[in-house]
Amino acid sequence: MLFFSFFKTLIDHEVTVELKNDIQIRGVLKSVDQYLNIKLDNIQVLEELKYPHLSAVKNVFIRGSVVRYVHLPASAVDIPLLEDATRREAASQAGKGK
Amino acid sequence: MENLTISDPPPPSLQHGGPGGMPPTLGRPPPPPQQLPAQMFTTAAQLLDLTDKKLMVALRDGRKLLGILRSWDQFANLVLQSTKERIFVPPGTAPNQPRGLYADIDRGLFLVRGENVLLLGEIDLDKDDDPPPGYDLADVELVQSLAKQKKQQDKAREKKKVKMLATEGFEGENLGEILL
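Quick mapping for you: the protein sequence lines, in order, are chains A and B.
Going left to right, the first sequence walks through residues 1 to 98 as the working numbering numbers them.
Going left to right, the second sequence walks through residues 99 to 278 as the working numbering numbers them.
Possibly wrong hints are sitting among the right ones.
As the list claims (entries may be wrong) - Computed, partial: chain A to chain B, Cβ under 7 angstroms: (1) L49; (2) H53; (3) S55; (4) R63.
What the hints assert, rightly or not - Cβ pair distances, simulated, as ranges: (5) B/R255 - A/S75: 38 to 44 angstroms; (6) A/T86 - B/D234: 25 to 31 angstroms; (7) B/T265 - A/L82: 36 to 42 angstroms; (8) A/F3 - B/N175: 34 to 40 angstroms; (9) B/K182 - A/G64: 26 to 32 angstroms.
I should point out that these hints are in silico values taken from the structure, not numbers from a laboratory.
Please read these numbers as outputs of a predicted model, since none were measured by experiment.
Virtual Cβ for every residue (Gly too), placed ideally from N, Cα, C.
One chain only, chain B, in its complex shape (with noise of 0.2 angstroms):
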């Protein structure tokens, strides 16, 4: 699709009147007047400029994943090449630790169902090859054993925060699922 802009004329199909407009046609109703371009509003307009460049996904279960992205449909399935998932480790969670880790594990193909995806991102390609700013990389068993301790450590605490809040009759909008 072309990209469109909102102070686009609507397509000429649309416009009707003016001087040499079409005779109204018989038996099919006029269409609608619109000032947007509709197909610029759809949940498919969004996920077409994003077709083959590298994303990075945020999936409800927390896992990051970077690939490109080739193929989608209007539920958002989405299909990655060349994946790697990548895992990050905030600065603190081991004792002299003063800056974040992360690694990278290389997982090839993923067909993503939509409904776990919490949110895509562009990657600038120029900004690519740089660590996260305040993160290192790391060691693919160092980061993945301390990512483990994060998670049972955040897991404990958000157990403990939705017992609390249950006692006052609070239901926690995650329903117990970790989002990071």
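Just chain A, same shape as in the assembly (with noise of 0.2 angstroms):
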């Protein structure tokens, strides 16, 4: 639950998606689900010659499981926050563990 909650905060940020499929779209971060699936809105895609299947599409909604990076602004994030934040869920996920 922590990444879900981390990309909420993430709201109104632009992010860049990459697929599995190599696919990179570059877009505003509109919304994020517990599946981590996502919503970009007003989206660019690199290398748009090779697909071009996505020229005419506004927005788009990423199936969390074919995503392989999220691409972050840096600015965006509170880096000592985040690592603090993983350890303590990976300290209570352990604690759970045993």
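Take each chain as given, in its own frame, and dock them per the hints.
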């Protein structure tokens, strides 16, 4: 659930999503759900000639399972806070496992 | 659902306390305090504003469907009306083919199982009638045969790549599936 909450803090920021089929889509993050399905607005595709099917598309819903990376704006991420939160989550998960 | 934004206050039923607040109800725990409307962050909310819009749906097997989204459920199973399948052939597939080609095939009504969906895109109707930049409309049979040829080339290349990676101890993340 940590990354679901994390992505919610990035809403309205511009991100680039790289899919497992190598398409890179840049757009404004509009929504995210528990599966980390992502909705992007005002999209722009890198290497547009290779992916003509997205030329008339303005916003996309991307299934979470096909995402490889999400490139984030560094200025929108509080890195020490995220590190702290991930360690806390990992510790609580380890505690549950025992 | 109305278009909620994050800046909207939570619905009045979730605010407690304050002047003229409701008396505590017996037998029911008070709802948890919340800053963001949780209903914004569900699969259903994301699909709701795409309903009755013309969409481009990319499937796991590489097919692209264009149709009107009429119904869906929480698994992203979709019903598409007046669906067309669009086939693309990138430039340079055949010799002397500097521009890409595409063709549409009428398919009618589709029910797509959610697991096969890669991505849904809402089509900008202003741009819908223009061919994609660098691509021309061509004869269906020509595009189909070129697409088949291209798929075979890609498959052979992918197979070689997976084989080579396997000798180095890697497993392909797509497991031999071509996602385009």
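So, going through the hints one by one against the coordinates:
no.: 1; hint: L49; in the structure: 5 angstroms, holds
no.: 2; hint: H53; in the structure: 5 angstroms, holds
no.: 3; hint: S55; in the structure: 4 angstroms, holds
no.: 4; hint: R63; in the structure: 6 angstroms, holds
no.: 5; hint: B/R255 - A/S75: 38 to 44 angstroms; in the structure: 40 angstroms, holds
no.: 6; hint: A/T86 - B/D234: 25 to 31 angstroms; in the structure: 50 angstroms, violated
no.: 7; hint: B/T265 - A/L82: 36 to 42 angstroms; in the structure: 38 angstroms, holds
no.: 8; hint: A/F3 - B/N175: 34 to 40 angstroms; in the structure: 25 angstroms, violated
no.: 9; hint: B/K182 - A/G64: 26 to 32 angstroms; in the structure: 27 angstroms, holds
In the structure shown, a violation is registered for the earlier hints numbered 6, 8, in ascending order.
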